[in-house]
Amino acid sequence: AQKVTQAQTEISVVEKEDVTLDCVYETRDTTYYLFWYKQPPSGELVFLIRRNSFDEQNEISGRYSWNFQKSTSSFNFTITASQVVDSAVYFCALSKNSGGSNYKLTFGKGTLLTVNP
Amino acid sequence: KAGVTQTPRYLIKTRGQQVTLSCSPISGHRSVSWYQQTPGQGLQFLFEYFSETQRNKGNFPGRFSGRQFSNSRSEMNVSTLELGDSALYLCASSFRTDSYEQYFGPGTRLTVT
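Residue numbers (our numbering), protein chains in the order written: chain R, 1 to 117; chain V, 1 to 113.
Mixed in with the good hints there might be a few duds.
[Stated by the list, open to error] Incomplete in silico selection of chain R near chain V, CB under 8 Å:
#, residue
1, Ser-42
2, Gly-43
3, Glu-44
4, Phe-47
5, Arg-50
6, Phe-54
7, Lys-104
8, Leu-105
9, Phe-107
10, Lys-109
11, Gly-110
12, Leu-112
Keep in mind that the hints were calculated from the coordinates and are not lab data. Idealized CB from N, CA, C, for every residue including glycine.
Given the sequences, and given the hints that come with them, work out the whole structure.
Take a look at the structure:
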């Protein structure tokens, strides 16, 4: 069975601080995908990144960066110089590659990030 | 390019009734998945459709069903509503079915009284 754990339920920071959201996953599959989604108050989940299990390179996109470490089964997300607009619930998710079929995401419980001015 | 649309956005029903929710995927996307989001259980996968076929199903009772039409639009139906079915129902579309990134709609907020 697959499982995603986001141990941080809520994080509160002051604008311009850096913040890291933790994600630990469990899977028996050797091929899988990891995702991060952002859910602002409007409710719509916004796709941020997809990473496959064979690509452990860290990725940076503007103020966002992701650290994927298979050895610790972690896929952490860092926001540099946080802004008030970053306030949202962030979800880490896991899916398995079943050869082109059977696609579903297993989500963590989410981390509520509040960035205060 | 228009995003995923879901109708209605808000719905209030009473116990025992049934409800149908609709989802229109992004143009060209053939895979549609449905998720239920509640404060207690979080986001849970309901089912996925690709080319009018249900490809995968989550652990929900048979009261939850869905279908996909030839234009990739999808509907989900919940019969004999229970209070615990109150949730945000999210639809996501994807170009492919093999773990490609999914794009979510704004959701339908269902309240069962």
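Now for the hints, and whether the structure bears them out:
no.: 1; hint: Ser-42; verdict: holds, 7 Å
no.: 2; hint: Gly-43; verdict: holds, 5 Å
no.: 3; hint: Glu-44; verdict: holds, 5 Å
no.: 4; hint: Phe-47; verdict: holds, 5 Å
no.: 5; hint: Arg-50; verdict: holds, 5 Å
no.: 6; hint: Phe-54; verdict: violated, 13 Å
no.: 7; hint: Lys-104; verdict: holds, 4 Å
no.: 8; hint: Leu-105; verdict: holds, 6 Å
no.: 9; hint: Phe-107; verdict: holds, 4 Å
no.: 10; hint: Lys-109; verdict: holds, 5 Å
no.: 11; hint: Gly-110; verdict: holds, 7 Å
no.: 12; hint: Leu-112; verdict: violated, 12 Å
When each numbered hint is compared with the structure, violations occur for hints 6 and 12.
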